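If you read the sequences in order, they're chains A and B. Numbering-wise (the working numbering), the first sequence opens with residue 1 and increments by one. Numbering-wise (the working numbering), the second sequence opens with residue 1 and increments by one.
Keep in mind that a hint or two might mislead.
[What the hints assert, rightly or not] Partial list, computed: chain B residues near chain A (C-beta under 7 angstroms):
id: 1; residue: Tyr22
id: 2; residue: Leu43
id: 3; residue: Ser45
id: 4; residue: Val48
id: 5; residue: Asn52
[Stated by the list, open to error] Result set (EDC-like, lysine to aspartate or glutamate): computed pairs, CA atoms no more than 20 angstroms apart in a straight line:
id: 6; chain 1: A; residue 1: Lys57; chain 2: B; residue 2: Glu1
id: 7; chain 1: B; residue 1: Lys56; chain 2: A; residue 2: Asp38
id: 8; chain 1: A; residue 1: Lys3; chain 2: B; residue 2: Glu44
id: 9; chain 1: A; residue 1: Lys57; chain 2: A; residue 2: Glu69
id: 10; chain 1: B; residue 1: Lys3; chain 2: A; residue 2: Asp59
id: 11; chain 1: A; residue 1: Lys3; chain 2: B; residue 2: Asp38
id: 12; chain 1: B; residue 1: Lys3; chain 2: A; residue 2: Asp38
id: 13; chain 1: B; residue 1: Lys3; chain 2: B; residue 2: Asp30
id: 14; chain 1: B; residue 1: Lys41; chain 2: A; residue 2: Glu22
id: 15; chain 1: B; residue 1: Lys41; chain 2: A; residue 2: Glu69
id: 16; chain 1: B; residue 1: Lys68; chain 2: B; residue 2: Glu15
id: 17; chain 1: B; residue 1: Lys3; chain 2: A; residue 2: Glu30
id: 18; chain 1: B; residue 1: Lys41; chain 2: A; residue 2: Asp38
[Unchecked claim] Quick list of the computed label-pair ranges, beta carbon to beta carbon:
id: 19; chain 1: A; residue 1: Gly96; chain 2: B; residue 2: Ala78; range: 35 to 41 angstroms
id: 20; chain 1: B; residue 1: Val80; chain 2: A; residue 2: Gly42; range: 32 to 38 angstroms
id: 21; chain 1: B; residue 1: Pro112; chain 2: A; residue 2: Asp51; range: 46 to 52 angstroms
id: 22; chain 1: B; residue 1: Asn18; chain 2: A; residue 2: Glu62; range: 43 to 49 angstroms
id: 23; chain 1: A; residue 1: Arg44; chain 2: B; residue 2: Asn7; range: 17 to 23 angstroms
id: 24; chain 1: B; residue 1: Pro39; chain 2: A; residue 2: Arg14; range: 36 to 42 angstroms
Calculated from the structure, these hints are not laboratory results. Just so we're clear, the structure is a prediction, and the values are computed from it rather than from any experiment. For glycine and all other residues, C-beta sits at the position ideal for the given N, C-alpha and C.
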Amino acid sequence: DVKVTQSSRYLVKRTGEKVFLECVQDMDHENMFWYRQDPGLGLRLIYFSYDVKMKEKGDIPEGYSVSREKKERFSLILESASTNQTSMYLCASVAGPPTYEQYFGPGTRLTVT
Amino acid sequence: ELKVEQNPLFLSMQEGKNYTIYCNYSTTSDRLYWYRQDPGKSLESLFVLLSNGAVKQEGRLMASLDTKARLSTLHITAAVHDLSATYFCAGGGGTSYGKLTFGQGTILTVHP
Numbered sequence: 001d002v003k004v005t006q007s008s009r010y011l012v013k014r015t016g017e018k019v020f021l022e023c024v025q026d027m028d029h030e031n032m033f034w035y036r037q038d039p040g041l042g043l044r045l046i047y048f049s050y051d052v053k054m055k056e057k058g059d060i061p062e063g064y065s066v067s068r069e070k071k072e073r074f075s076l077i078l079e080s081a082s083t084n085q086t087s088m089y090l091c092a093s094v095a096g097p098p099t100y101e102q103y104f105g106p107g108t109r110l111t112v113t
Numbered sequence: 001e002l003k004v005e006q007n008p009l010f011l012s013m014q015e016g017k018n019y020t021i022y023c024n025y026s027t028t029s030d031r032l033y034w035y036r037q038d039p040g041k042s043l044e045s046l047f048v049l050l051s052n053g054a055v056k057q058e059g060r061l062m063a064s065l066d067t068k069a070r071l072s073t074l075h076i077t078a079a080v081h082d083l084s085a086t087y088f089c090a091g092g093g094g095t096s097y098g099k100l101t102f103g104q105g106t107i108l109t110v111h112p
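Could you put together the complete structure from these sequences and hints?
What follows is the structure in structure tokens.
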């Protein structure tokens, strides 16, 4: 069975803190994605990775960075958290061809105060 | 650039009724996906449609794909309260590492 886990379900951080969100998959997938989801704005792609140490910016990368040192783990880093980064963060792991189906983790609801 | 539009965005149904959610997309898309999201939860994959004319069914939900019309539909048969959720369609294609473009989502509420 497909499994994608995220390090925290709920997280509260202060403005200016460095925040790490971790995502782990056990399916040996090469591609992994980070999204944020906000009411009225839908899902927006922050970054994705297509191999270890390989990454590409998504639609809204500003204020974020990522790390993929091992195939199974993809981390999202908020260098200096701000209140406008309060959101639901969703990680997805992507199957290969032909489906490229995305399997989502349970999500992390981050509040920055 | 692929754009995906769903309608309706809000759907209030009575139990036992049938209805259809429509998903239009702007350019060629090799693959079309349907996801379900319960409040406060993550996205759950429902269907993956890979070719023109593809039809998939699971319980009271049936999804279809017409690539010529650039249209996918999610048909709900004899709705029950448990189907209340937000439904997203998403399109993907080409050598894009599996990148998806999501629709806005349809909030479905099923009333007794």
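Hints and how they fare:
Because the smallest distance between the Cβ of Tyr22(B) and any Cβ of chain A comes to about 17 angstroms, over 7 angstroms, the interface hint for this residue is violated. The interface hint given for Leu43(B) is met, as the beta carbon of that residue sits about 4 angstroms from the closest beta carbon of chain A, less than 7 angstroms. Here the hint on Ser45(B) is kept, as its CB sits about 6 angstroms from the closest CB of chain A, short of 7 angstroms. Because the beta carbon of Val48(B) sits about 5 angstroms from the nearest beta carbon in chain A, less than 7 angstroms, this interface hint is met.
Annotation: interface hint on Asn52(B) violated; nearest CB of chain A at approximately 14 angstroms, more than 7 angstroms. At most 20 angstroms may separate the alpha-carbon atoms for a hinted pair to count; Lys57(A) and Glu1(B) meet this at roughly 16 angstroms. Note on Lys56(B) and Asp38(A): the hinted pairing is violated, with a Cα-Cα distance of about 30 angstroms set against a maximum of 20 angstroms. Between the alpha carbons of Lys3(A) and Glu44(B) the distance comes to roughly 12 angstroms, so the proposed pair stays at or under 20 angstroms and holds.
Restraint check for Lys57(A) and Glu69(A): satisfied, since their Cα atoms lie roughly 17 angstroms apart, inside the 20 angstroms limit. At most 20 angstroms may separate the alpha-carbon atoms for a hinted pair to count; Lys3(B) and Asp59(A) meet this at roughly 14 angstroms. Taking the CA atoms of Lys3(A) and Asp38(B), the gap is about 18 angstroms. The hint holds against a cut of 20 angstroms. Restraint check for Lys3(B) and Asp38(A): the C-alpha separation of about 19 angstroms stays at or below 20 angstroms, so the hint holds.
For the suggested pair Lys3(B) and Asp30(B), the alpha carbons sit about 13 angstroms apart, so the restraint of at most 20 angstroms is met. This hinted pair checks out: Lys41(B) and Glu22(A) have alpha carbons roughly 17 angstroms apart, not beyond 20 angstroms. With a C-alpha separation of about 28 angstroms, the suggested pair Lys41(B) and Glu69(A) falls outside the 20 angstroms cut-off, and the hint is violated. Restraint check for Lys68(B) and Glu15(B): not satisfied, since their Cα atoms lie roughly 33 angstroms apart, outside the 20 angstroms limit.
Simply put, Lys3(B) and Glu30(A) have alpha-carbon atoms about 26 angstroms apart, too far for the 20 angstroms limit, and the pair is violated. For the proposed pair Lys41(B) and Asp38(A), the alpha carbon gap of about 13 angstroms is at most 20 angstroms, so the pair holds. Checking the proposed 35 to 41 angstroms range against Gly96(A) and Ala78(B) shows it holds: the Cβ atoms sit about 36 angstroms from each other. Separation of Val80(B) from Gly42(A) is about 26 angstroms and departs from the stated range, judged on CB atoms against 32 to 38 angstroms.
For the pair Pro112(B) and Asp51(A), the supplied restraint of 46 to 52 angstroms holds, since their beta-carbon distance comes to about 50 angstroms. Taking the beta carbon of each, Asn18(B) and Glu62(A) are about 44 angstroms apart, inside 43 to 49 angstroms as hinted. As the Cβ distance of Arg44(A) to Asn7(B) is approximately 21 angstroms, the hint placing it in 17 to 23 angstroms holds. Checking the proposed 36 to 42 angstroms range against Pro39(B) and Arg14(A) shows it is violated: the Cβ atoms sit about 27 angstroms from each other.
Going down the numbered hints, you'll see the structure goes against 1, 5, 7, 15, 16, 17, 20, 24, while the others check out.
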